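**Student:** Letter by letter, the chains look like this.
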Amino acid sequence: MVETHFPELDATVPPPPRRGILSTASLYKLAIYIILIVAAFIAMVPFGYVVSTSLKSTMSLFAYPPDWLPDEPTLDNYRNLIDRYPFWRWLMNSAIVAGSVTLIKLVVDSMAGYAFAKMRFPGKEPLFLLVLISLMVPFAALLIPTFIIVRELGLLNTYWGLILPGLASPIGIFMMRQFIESLPSDLENAARLDGCSEFQIYRRVILPLIKPGLVVLGVFTFMTQWTSYLWPLVAATKPQMATLTVGARSLTSDFTQDWGLNSAAAVLSMLPMILVFIFLQRYFIAGSIAGALKE
Amino acid sequence: MAQVEFIQVGKSYGETGAVHNVNLTVDDSEFLVLLGPSGCGKSTLLKMVAGLEDVTAGEIRIDGRVVNYVKPGDRNVAMVFQNYALYPHMTVQENIGFPLKMTKVPKDQIRERVTRTAAILGLDGLLDRRPEQLSGGQRQRVALARSIIREPAVFLMDEPLSNLDAQLRVQTREELLKLHERLQTTTIYVTHDQIEAMTMGHRIVVMRSGVVQQVGRPQDVYDNPANTFVAAFLGSPRINLQTGKLDGATFGGDGFVVPLNSKLAGAASAVTAGSDVALGVRPEDIEVRVGAVEASGDKIALDGVVSLVEPVGSDLYVRAQTGNVDWMARTEARLPVEPGQAVTLVLNLEHAHLFGEDGRNLAS
Ligand SMILES: Nc1ncnc2c1ncn2[C@@H]1O[C@H](COP(=O)(O)OP(=O)(O)O)[C@@H](O)[C@H]1O
Ligand SMILES: [Mg+2]
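Top to bottom, those sequences are chains A and B. All residue numbers for the first sequence refer to our numbering, where the first residue is 1 and numbers rise by one. All residue numbers for the second sequence refer to our numbering, where the first residue is 1001 and numbers rise by one.
Be aware that a few hints might be false.
Stated by the list, open to error - Pair ranges (Cβ atoms, derived):
#	chain 1	residue 1	chain 2	residue 2	range
1	B	L1308	A	Q200	54 to 64 Å
2	A	L275	B	H1089	19 to 29 Å
3	B	Q1133	A	L75	45 to 55 Å
4	A	V45	B	G1125	51 to 61 Å
5	B	R1061	A	L135	47 to 57 Å
6	A	V50	B	K1071	57 to 67 Å
FYI, nobody ran anything at the bench for these hints, they're computed from the structure. Quick caveat: nothing in here was measured; it's all calculated off a predicted structure. Heads up, the beta-carbon is just placed ideally off N, CA and C, and yes, glycines get one too.
Excised from the complex, chain B in its bound form (with noise of 0.2 Å):
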């Protein structure tokens, strides 16, 4: 059981820099997720934390203990790669049984825990093969057997499922959370699934050119983005962004107008009138309608016309143009629309948001 502490944490090769003052304090026994898009400096930052990096600014701190000249093997961490990096030459009982066979733990019970973590995890009649006699999900399985037998105060997991394929990935995610509420081992996540990140993480981390951009529950994220950046990063598909200037209590895009609701309105306030700003709604919130539909309270209608339809099962994507603006909207899966159709968009400013010319979310 630990706490990851950073402290203006900073990696850069030579003159570039790949994470940038990360300050962050990572609960005892939390499942913290890591999210952003691919080189944003996630696995940079988690190597870190192993030692397989060096630290090039700040301080990274287990349970207090300042471990940025710790060599790895001795901060007590435990890593599951994302290409697994089990050992070919070895059987899986030694791939296992490895980390303790390297810390001197006596043979007979190496094989006693050997034996009970592969039970946990599923491998018992596998023991004696080796990794390439496994199938992906089994190697990754392995590779978390090995990490969790020395019972480390930190796991760190490096896009462990995205060589999965989608049906396993599900299956492990809810797997790893079992295991993590079991162990209560303070976990540090890393990925670019966003479902992931708000399926799993208590906590999830947003990160863009190795800067963090928004710590918070994946709910709280997903509802009050810091920027366009985490807004955009979180929910399928995309949040809808236009862009426009504020004109008193109305947002006017381009060829639209949107009056705004109080919540936004007190957002505004935040800016001087004229400001360029862009109004963010998820597709979510909008709904279509045939037909005309009277405005009320938080809910705007625009007039629309079909531009593109997408059906996935279970909802529907419907996008529509409104003045010289594509907005995505996602409806009832049934909904009978078709391309060129003339529809009403109902936008729910309720979880609306204003974003400045900086891309800062202007009610935060």
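Looking at chain A on its own, in the form it has when it is part of the complex (with noise of 0.2 Å):
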């Protein structure tokens, strides 16, 4: 066998050049980080408030002026919570719907994408004109007749009659196809040609190189979902079948007005849309850079 042979011609890139300590480029850096501290330190505040209430017991709630850090802290609340309240009934419910719009609108949203991006077929401008008008409509002017349809089909009061009107939102097609329409098609060509099915290139060529993208719709849909009150509150009004916004809500009665409670729960249903913040944070900051996936 004959080795053919390429020399390379690599250039050496030189180290960058070191800068000293108090240099202008890092006291204006110091700058930016003691205003980004106290911009951070005002938005946890509140944040803060609710989590020192929930471990308040009732009496103390309204010492004046407030104690930012409870005497005797207690986890009064939250077991009053769990004992009394079918609180783990509604973050299954919760998790159950935002974790399946999440993942179901994520391979509807990519495909549509995908399609919407690189196919060709007859219809598609018109088609895509349609999705864009729809991003327009507000989900108050749908609540209504989107119920009536669910009533119809007999899907209130079920997991399905919570998830589907979830899956219809425009956004993430539209998001998907910016990124994929960003990707060169010769990556599709190339892997047409390596004998890849229309399904394959956008399984292991297509999916790959979205993930960020991926990510940011996914955490923007879970958060969205998770958060959702309005359609919860009327699909679904059997207590066993409520989602934690509203059951949350159902804490308050006309009478009374229990803030401890409210804030446990409140610091509970925060707790999962924090996990997969801290888990996703590095995907999702790249994937909120545009141009992150330009070569």
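Hints in hand, dock the two standalone chains.
**Tutor:** As structure tokens, then:
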């Protein structure tokens, strides 16, 4: 065998220049950090207050001036919430609905986005226009028609009744299309010649390359569903189908307002979101930066 | 090994045509180059062979089989793309092995063939890198490796060298030819670079606006261009094309007269006296002399004044004016001439051409 050999002409990259510790650049950075820390602190105050409230006994709630760190922190509110209300059930309902909507949306939206971005088919332009138009209709305007449809389908108080309407938001399709459109078409062409079917191109080439976009869409969808209130309120009237938001609201009766209990519910329902963010932060930040995909 | 036939192949995007009536046979083991300016339909033609674009007219056959409606993956062709189209999320190893994986070759066989192919292209140490960690030349080799691993019947290459720097381009050109020598795979190679076309092609196909202008061995096409477009596209500096009228056995240009040699006179007999024609003389067929020179045989002497001198090291490009026209001459590097100087241009008509009003070479 004759070995062919291609010498390469790699240029070596010089190391970045070192800077003095107190150069103008680092002073500027310091100022930015201080501003950001102050802003972060301000943003955290209400959150901290909710956490603190959830740890207070009912008596100490109305102390003035408010004490930020309760003298005798107590888990009574949490115990109360879990013992007297179907809190775990609500949490599970929320997880099932938000999780299913997120997963199904990722699949459907990325597929639709691929079709709109890369495939040629009759009616593509008008169809996409339709998607865009539906983007402009506020959900409140759709609430009653959606309710009637879901009721007629007999899906009130079912998981599908909670999940299906959540799938119909077109923003994900739009976003995926933008992501996929930025991928060079020769990638699909190469895959086609390498023997991929259309689905394999989607699965093995497109999907891995839009991972940051999928994460962003996933987090947004999950967050929207986790905090959605209006639709679960009308679609799930039975207590055992209530989601966290609806359940938490039911803690407040017409006569009493237990702030400690409410705060405990708020803290517990925030936890999953925080976890999601922490785990996906890396992708999330990468994906939010536009053009991160360009080769 | 395969033969590729184009039979009245055409491509249109809606109303506008990109490729018109291409009739061509690429022989088994041939290295055929499609040459033409950007936008002339080279890539479109290539993509039709690959199955990435529909054929809107005519037939393409690979080894006698009409492939118009065969899926790209089933045509047994491989393509190297201009910007390589490596899968960014896969390692070099996975990139090269991908076509095998998609055709369900067993894993251990894939590994073995990847190793072997990588060795051929000198990619041994890079198998675990990702495309972003490679230099341009290395990416190019990975793209090549991915296309040869399947041992396809036909290679399609779309300007594969255009993203490399000049030095690497020359090296890779040679390597590609060696690779072709060794694999003997029928290759259709697209480029807009005439040097690449001349040096690499067994035959070249010159295209313009979707129409094939000429097909032939590089030197034949260079020596006998079918029309003014081909004449002007091949050769640097460009061929001198002077318009004028035929008057018996002389060509009357704008402020100068050239008596035709027997070859040109023969070509001129194809048109009526007094027709508009163009005389084409390549810069290397013009000698610049200081002082008077006698015309003899194929050589014609014209008085001129130098207007521009461009040294390129190995040669000297001299532009000189005769009558109302400019001639570009390619002369020996150290000729002592300077702008403003009166010189004699000696036109060697042995390889000169006369083109008719429609641009066609009158000799053909
Ligand atoms: N998808 C397309 N839609 C419409 N016109 C196209 C499309 N692709 C290429 N063309 C046109 O076809 C012609 C040939 O293009 P191409 O084959 O890419 O040229 P080349 O590769 O020789 O530079 C060009 O005029 C180009 O504008
Ligand atoms: Mg092209």
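**Student:** If a hint holds in the structure, say so; if it doesn't, say that too.
**Tutor:** Comparing the hints with the structure gives:
The beta-carbon spacing between B/L1308 and A/Q200, approximately 59 Å, falls within the hinted interval of 54 to 64 Å. At roughly 26 Å, the beta carbons of A/L275 and B/H1089 sit within the given window of 19 to 29 Å. Range check, B/Q1133 to A/L75: Cβ separation about 52 Å, and the 45 to 55 Å hint holds. The hinted range of 51 to 61 Å is satisfied by A/V45 and B/G1125, whose Cβ atoms lie roughly 56 Å apart.
Between B/R1061 and A/L135 the beta carbons are some 48 Å apart, a value that agrees with the proposed interval 47 to 57 Å. Taking 57 to 67 Å as the suggested C-beta distance range, the pair A/V50 and B/K1071 conforms, at roughly 59 Å.
Every hint from the earlier list agrees with this structure, and none is contradicted.
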